[in-house]
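Number of protein chains: 2
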Amino acid sequence: MAEEKYAGYRGSTLDWLKKQGLEVWDEIEVTKADSSIKGVILPRNELADPNFISLKLSTGYNIGFNIEDVLRVRKIGRFQGKYRIPKVEIAQKPALPFVPILGCGGTIASRLDYQTGGTIPALTPEELFSSFPEIAELARVETSLLFDIFSENISFGHYVKILTEIESLIQNDAPQGIVLTHGTDTLAFTAAALSFSITNPPFPIVITGSQRSSDRPSSDSFFNLYNSVLYAASPKAKKEVVVIMHEKSSDTSCTIHRGTRIRKMHSSRRDAFKTIGGSPLGRITERKISFAKEEENLSIEVELKDKPCQITKKFEEKVGLIYHYPGIQPGVLDYYIEAGYKGIVLAGTGLGHVSSNLIPTIKKANENEIVIVTTTQCLHGFTGLSVYESGRQLQKAGVVSVFNILPETAYIKLAYLLGNYRKTEKIIELMKQNLKGEITIREKFQEF
Amino acid sequence: MAEEKYAGYRGSTLDWLKKQGLEVWDEIEVTKADSSIKGVILPRNELADPNFISLKLSTGYNIGFNIEDVLRVRKIGRFQGKYRIPKVEIAQKPALPFVPILGCGGTIASRLDYQTGGTIPALTPEELFSSFPEIAELARVETSLLFDIFSENISFGHYVKILTEIESLIQNDAPQGIVLTHGTDTLAFTAAALSFSITNPPFPIVITGSQRSSDRPSSDSFFNLYNSVLYAASPKAKKEVVVIMHEKSSDTSCTIHRGTRIRKMHSSRRDAFKTIGGSPLGRITERKISFAKEEENLSIEVELKDKPCQITKKFEEKVGLIYHYPGIQPGVLDYYIEAGYKGIVLAGTGLGHVSSNLIPTIKKANENEIVIVTTTQCLHGFTGLSVYESGRQLQKAGVVSVFNILPETAYIKLAYLLGNYRKTEKIIELMKQNLKGEITIREKFQEF
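Same order as they appear, the protein sequences are chains C and A. In this text, residue positions in the first sequence follow our numbering: the first is 5, and each later residue adds one. In this text, residue positions in the second sequence follow our numbering: the first is 5, and each later residue adds one.
Only chain C is shown next, with the shape it has when bound in the complex (with noise of 0.2 Å):
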């Protein structure tokens, strides 16, 4: 059986493997023009680039390699374990509560196999449950991989794919709540494009993901998942776009966050997302859901709570993200109003200023109708442009200070404002307003 030998391989890497005489759990060494690996040949995800094949290392990660890129390989030998995903048929619970999972790239689950140190994304829910079976007493779960990607590059054109999905769901099935994995790198952008784009969702959106890939003994992504299908399967969930993440180091807690306030804070560790200038919504500790009191620092515009449910699927995608750093010069900024865009972001230093080298562009700029804001590098804070002259020159030259947004969910929003509303005064109203959280009245006082 090729889905056997050769599982998930297709097109040219499968008549790569069979030209070679390999197969899956086949220990080779590979020589290129560069390097050399040694590994074991990995079972690979249909949906993945059908250019790689995938390799796990001795050090316990996984690595693709291009068959273009290959000048020699040579069979070491075969790994005894025998991987299989037993497609166990655990019988859903018709009473529990329905949660789809929706794949964005990142690990939804995967199975262990100690004698190769393998790893399979379990994308069925047979083979979730067989890797999880604890998740079929939380919920009815449905699967689907809505693509397959490294999440840096993830973009526009994905959210539009995720927000088409979620009305589907919305339109076609009555779920109690959803959850969406998603690669960490740009989960927090992702979280902030569906928090704009849908207003008042009937259940509960939650985004999840792994910081250590599931093959490793610390990894998070049975922790983050049981969380999440256990919020979206509640009742007292609430009915907006959330981040579920583990909260500590250790195994203790996970935090829900609001999907506008949320920032990947380190590059490792399992605790890496923070919600940044406020407490998060709350937490999930021993499979009790709690909601934190300081809520009110986060709250989401009131007037919008009474409107229908609303999904808007446009961004305009000519909208830069500029971080200032000295000696930064007026070009950055040209080539922004050269090539077209609508929109800039600036981090700009402590209270949102930037040099004043770069004043008169951004007054050509707005002059080209490009709508300019500025927001904080600290992360923490709020940004001022009255408090200084320096400030009030940056105000006079069109720039609008948005408070303490963070500067990758400005960035998100105004793409999303740019994309659904036409009129500059609307839109830079709209910026300086709180939509869905992402400004908060103050921030609480907390250790950063």
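Simulated from the structure, these hints should not be mistaken for lab results. A hint or two may mislead.
[To be verified] Derived contacts from chain C toward chain A, CB cut-off under 10 Å, selection only:
| no. | residue |
| --- | --- |
| 1 | I158 |
| 2 | F160 |
| 3 | G161 |
| 4 | Y340 |
| 5 | G388 |
| 6 | P411 |
[Said to hold, decoys possible] In the BS3-like style, the derived pairs of lysine-lysine whose C-alpha atoms are separated by at most 30 Å in a straight line are:
| no. | chain 1 | residue 1 | chain 2 | residue 2 |
| --- | --- | --- | --- | --- |
| 7 | A | K400 | C | K427 |
| 8 | C | K436 | A | K36 |
| 9 | A | K346 | C | K322 |
| 10 | A | K436 | C | K436 |
| 11 | C | K322 | A | K165 |
| 12 | A | K430 | C | K36 |
| 13 | A | K292 | C | K368 |
| 14 | C | K252 | A | K252 |
| 15 | A | K322 | A | K165 |
| 16 | C | K367 | C | K322 |
| 17 | C | K79 | A | K297 |
| 18 | A | K36 | C | K367 |
| 19 | A | K436 | A | K317 |
| 20 | C | K22 | C | K9 |
| 21 | C | K400 | C | K436 |
| 22 | C | K42 | A | K400 |
| 23 | C | K368 | A | K346 |
| 24 | C | K368 | A | K322 |
| 25 | A | K242 | A | K436 |
| 26 | A | K36 | C | K430 |
| 27 | A | K36 | C | K297 |
| 28 | A | K297 | C | K252 |
| 29 | A | K22 | C | K400 |
| 30 | C | K22 | A | K400 |
| 31 | C | K297 | C | K240 |
| 32 | A | K242 | A | K252 |
| 33 | A | K400 | A | K346 |
| 34 | A | K23 | A | K9 |
A virtual CB, placed ideally from N, CA and C, is assigned to each residue, including glycine.
Here the structure of chain C is known, so what remains is to put chain A in place on it, guided by the hints.
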């Protein structure tokens, strides 16, 4: 006396004040095309921009207005609080260590006048002592103002000016230590620039600033300056570039940070400065300096320790810092290539990744001999381009992963290396080495 009536004003503003019949401490209403403001005319630092007049607003903030923008001006009244800096001659105590204070635009110290709420920077030792007489007990202080601009405008030219002054102090004086006062917005960049440019300074170089202007009751300027002078005057102090700022929101202690691992993490709080990914060097509590034990995490490269003091004053200004965001276009990079840049620092996602659509342009930049390094926009944690295939592609395109150097520090380090070394291989080799504590062996576990 002109000094009394028009204290600090000269040139066009002096003429304007005389023509309008106005003088310092008059309360006026100024009407401009876009706004009108009311406030009290403040004395002004003679080195400040000659086109501006300073007003104290009723909010307690100072503001400057350009006389060219004034449509109408109206005198409302006059503050009775007579302001005068008492030019007290305080005998310098010859037995105390000599500590020059170099002003770089931040307020060194100010004298409060509670009747007007007005403030004047105290720039001479006499003025300084009259504001903060306690400092005379710590050191023989001598002050000089190197420049007086908003810190968002401080860049490489100013670093050279500071370095030249420090070089002269080394050659001509024998200070126990020196203190620089600096606006907080770009203080971390300047600290990094001095750290890399000065190897084995013969005395401690302390940079400090203030988050709240000194005419506000919550001002931190005295506390920070006092502790900075105390440290600079102490034989216990480390002979390297440090930043000394409030540790907490209250006046309990100051933190001693190494100049290469610091970041302003809050736009307004007094404890805004944090050592990222490591322990600070130490703290000062109740006049006592204590150093952290975890200092090994932040050690300066050993091989430099035996070298004589060396100051370089060269930076390559054609260096850019690009913050990655979803949807970023290759054109952003093209700008830097076309403008003849020599180096680019990426603030990549997670482990230092960027969207794969940038890779062809990164290759082109690499072919143009532009040094491209990547850091993590998470700020905490390490980069790693060997973990995922996408990272390996970046490496192949020529991107250098620089571990856990902060993006801002990497930017300054690259400008420093490109200014002082010719060979690309050497520059890349040094970018990956820990020269001044900017790369730590591992990050101390800390909350963030």
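Q: Of all the hints given earlier, name the ones this structure violates by number, lowest first.
A: 7, 10, 11, 13, 17, 27
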